[in-house]
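> On the provided structure of chain A, position chain B as indicated by the hints.
So you can see what is in the structure, the chains are spelled out below.
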Amino acid sequence: MTGQTLYDKLWQAHVVREQDDGNALLYIDRHLVHEVTSPQAFEGLRLAGRQPWRADSVLAVPDHNVPTENRGAGIADPVSRVQVETLESNVAAFGLKFFPMQDLRQGIVHVIGPEQGATLPGMTVVCGDSHTSTHGALGALAFGIGTSEVEHVLATQCLWQGKSRSMLVRVEGGLRPGVTAKDVVLAIIGRIGTAGGNGYAIEFGGSAIRSLSVEGRMTVCNMAIEAGARAGMVAVDEKTIEYVRGRPQCPSGEMFERAAAAWRDLVSDPDARFDRVVELDAAQIEPQVSWGTSPEMVVGITGQVPDPDKEADPVRADGMRNALRYMGLTAGTAIRDIRPDKVFIGSCTNSRIEDLRAAAAVVRGRRKAENIQLAMVVPGSGLVKQQAEAEGLDRIFLDAGFEWREPGCSMCLAMNADRLEPGERCASTSNRNFEGRQGQGGRTHLVSPALAAAAAVAGHFIDPAELEG
Amino acid sequence: MQAFTVHEGIAAPLDRANVDTDAIIPKQYLKSVKRTGFGPNAFDDWRYLDPGEPDADNSWRRKNSDFVLNQSPFDRATILLARKNFGCGSSREHAVWALDDFGFRAVIAPSFADIFFNNSFKNGLLPVVLKEEEVDELFRRVSQEPGLRIQVDLQAKEVRVPGGPVFHFELDEYRRHRLLEGLDDIALTLQHAQEIRAYEARRREEAPWLM
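Those sequence lines, one after another, are chains A and B.
Heads up: the first sequence at position 295 corresponds to 1207 in our numbering, and the numbers run straight through without jumps.
Heads up: the second sequence at position 203 corresponds to 222 in our numbering, and the numbers run straight through without jumps.
Hints should not be assumed to be uniformly reliable.
[What the hints assert, rightly or not] Simulated restraints on C-beta separations:
1. Q1299/A - K176/B: 51 to 57 angstroms
2. R1077/A - D94/B: 37 to 43 angstroms
3. D76/B - E997/A: 23 to 29 angstroms
4. E156/B - R1077/A: 38 to 44 angstroms
5. E1378/A - D94/B: 50 to 56 angstroms
6. R958/A - E72/B: 24 to 30 angstroms
7. E156/B - A1195/A: 27 to 33 angstroms
8. E156/B - P1182/A: 45 to 51 angstroms
9. E225/B - E1303/A: 47 to 53 angstroms
10. A1246/A - E225/B: 55 to 61 angstroms
11. M230/B - E930/A: 17 to 23 angstroms
12. V1189/A - G166/B: 45 to 51 angstroms
[Said to hold, decoys possible] Lysine-lysine pairs mimicking PhoX-like chemistry, simulated, CA-CA at most 25 angstroms apart:
13. K1009/A - K176/B
14. K141/B - K1075/A
15. K150/B - K1075/A
16. K141/B - K176/B
17. K176/B - K1075/A
18. K1222/A - K921/A
19. K53/B - K141/B
20. K176/B - K150/B
21. K1075/A - K921/A
None of these hints come from the bench; they were simulated from the model.
All of these numbers come straight from a predicted model, not from anything done at the bench.
Even for Gly, the Cβ is constructed at its ideal location relative to N, Cα and C.
Next comes chain B alone, as it looks inside the complex:
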């Protein structure tokens, strides 16, 4: 997994609440058996005017010029600015893969749906929770100055706007550490294999119908 320390980039404002994972990557693309290649279909229904299919060439499809990620400079954004409950709905990790493949490294919102939040860390995409008024302020700054480069610093747990405010965010140490180091979860867990076996032996006694 790619590590995350500090990232600086253009932030794209996606000004709607409850953006669900069906919107981030529609169902027809979930038929892929791969982890990569979802970027061209991120936000597919909003991004294109024509319907899309897996493995189709997207270059001929008409783009919806009203959609923020089709507008310069936001088509080069690497930070997504969003509203509350981002990533709600389906557990599909494809949503994170699609954002990652599009080029996003961080999503900033007042709140995230739990499964999406969890999935992000497994793929080096940093979900940053800021206060509602701080997110409002970022939306204001970005609308005044599109192309503004924002810094997301996982080491310092800060979001920094040039010449502007510095917002602090919280994150549990466990997730932060793994993301900073880009650690492989499974290998780490398997260091506790003996404890898992001991637990199983105990459960076999206490609740044998489960084993």
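Next comes chain A alone, as it looks inside the complex:
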């Protein structure tokens, strides 16, 4: 018998019932909830007279709509306010664990899950949010669901799922200076495309992935969905186990040791077979910058905006032309010559302490360039913010003319007051460069925190390695 993949192991451990057609009823260990995709699910429960199956499996937090400044004044937008208040009344009515906006532990749901030890290796984790794949970095099976499924998990603790095919993305070798987890995942998406992972669960492996911190692995898994895969994951190693040790919701003492022994088996067997294997050479990966309106439209910092006339596939060429028109770019422009108006450092992709440290290392002792109207740093959680302040990172950003904000999703998707104006160009550490994502008419370039910081001080895109030393 051939060995099992990590995905096989996680899947098998959670099957409650299997149907003849291959669909399985899968047990869900952790259900993360935020204000945007849950109100209709709670309403559905209420209408049917149902109660949550396991209230203690839920952790709820408002993150998409929360303001990142003047938080004491509450939420100015009445529609946003109603949505957050609706979450507050739902968690009270159903007795769910909840971190309100004023709580130090509040933050982006995908940052606080691992931070609290609410997501652990070996778990199935779901949330009404596509970036739930983030938690796969801990060796968990984590994926985003729609609101009907949120209601289904609340009511039954389970989901009907068909098993995905398995893909291994192996990145071998050493990363160049200035190249980060974000560049690795953007390079992967550039290679396989935004539909490349449709129908797959992706395991990220190889020496370059193993060399990443657990936070870096979260950045990679976070964007599995941008490659089309609902779930991304990384095998458990000692870094994973040390990462979760001592976290508030992680078991302790003898129970921890027992759990850790089980977690060490959460790796693909050496003879496991994957349906598809993609290999990248880490040494070839440059710092990445997206130029278009899909995360697969990405090039290295030394590259140029590509030419649609040289694209053979007509649908693709049309997509490129649309993107260039929307982005206000001309084919052949050097990426280095593109000048952003704003810089956003934050989001569930890149707002953890290591991201803020990487950005601060570039900014230290420098000033934001004249053409940058706004450079904002939005920590992923209250605890990340507190840690950054203890390390003096806030001073570095403030001294450079950046803004230092309160935690939330912020300008990743602009549901709160933080947004781009039409035509504004942004260097953003977020995950999606879709049309209108950061504000109607806004133009997003996806980059790493180090590159965003470098662009803020140089006034144009530049390899952060050039600014170091």
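Using the frame of chain A, we list chain B on its own:
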């Protein structure tokens, strides 16, 4: 949930790949706590020339006449013809609610993003996967004859063009059955409540740190 058996209607050609759920329903409309009312804001950024806000009256907004759903007869379309990787990006079920509320009953494309595909079935919207060349053929036919009424038959798993080709599509039996019957997922799953409890009891022994 509304059942789906056979549907016949006008197909609107949306000729671009990777249409994401941010495009289908922009973020500002996600602030609603309801399931209904998203139709007037489906494809909002493409459909209107003025910016839109939740709860605003859309009737005064200038429409983009270049956008297919603003053109007759496609403004009455109930089938959306799309390109590959339709519905990529965010998990927002609001995208399906918006298409449904606009009046769409089916979307035909060469491929769909997984979460969107899943969400569609929960709301009686049928996503039909056809081969790339078959979708090309449908785009050709619709451009030659706008207003052509296409039939989508879930019973027979067929897409039929009058006087033209019949395309067969595949769909797993489980989803097909539920959609044909319009069944409530949760009630069905709760029939297995004992198995779920037995699983929990076993896990409490094997992996007590999870429970």
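> Hint by hint, note whether the structure agrees.
Checked hints:
no. : hint                                 : verdict
1   : Q1299/A - K176/B: 51 to 57 angstroms : 55 angstroms, holds
2   : R1077/A - D94/B: 37 to 43 angstroms  : 39 angstroms, holds
3   : D76/B - E997/A: 23 to 29 angstroms   : 25 angstroms, holds
4   : E156/B - R1077/A: 38 to 44 angstroms : 28 angstroms, violated
5   : E1378/A - D94/B: 50 to 56 angstroms  : 53 angstroms, holds
6   : R958/A - E72/B: 24 to 30 angstroms   : 28 angstroms, holds
7   : E156/B - A1195/A: 27 to 33 angstroms : 45 angstroms, violated
8   : E156/B - P1182/A: 45 to 51 angstroms : 47 angstroms, holds
9   : E225/B - E1303/A: 47 to 53 angstroms : 41 angstroms, violated
10  : A1246/A - E225/B: 55 to 61 angstroms : 57 angstroms, holds
11  : M230/B - E930/A: 17 to 23 angstroms  : 22 angstroms, holds
12  : V1189/A - G166/B: 45 to 51 angstroms : 48 angstroms, holds
13  : K1009/A - K176/B                     : 45 angstroms, violated
14  : K141/B - K1075/A                     : 18 angstroms, holds
15  : K150/B - K1075/A                     : 22 angstroms, holds
16  : K141/B - K176/B                      : 18 angstroms, holds
17  : K176/B - K1075/A                     : 22 angstroms, holds
18  : K1222/A - K921/A                     : 44 angstroms, violated
19  : K53/B - K141/B                       : 16 angstroms, holds
20  : K176/B - K150/B                      : 14 angstroms, holds
21  : K1075/A - K921/A                     : 12 angstroms, holds
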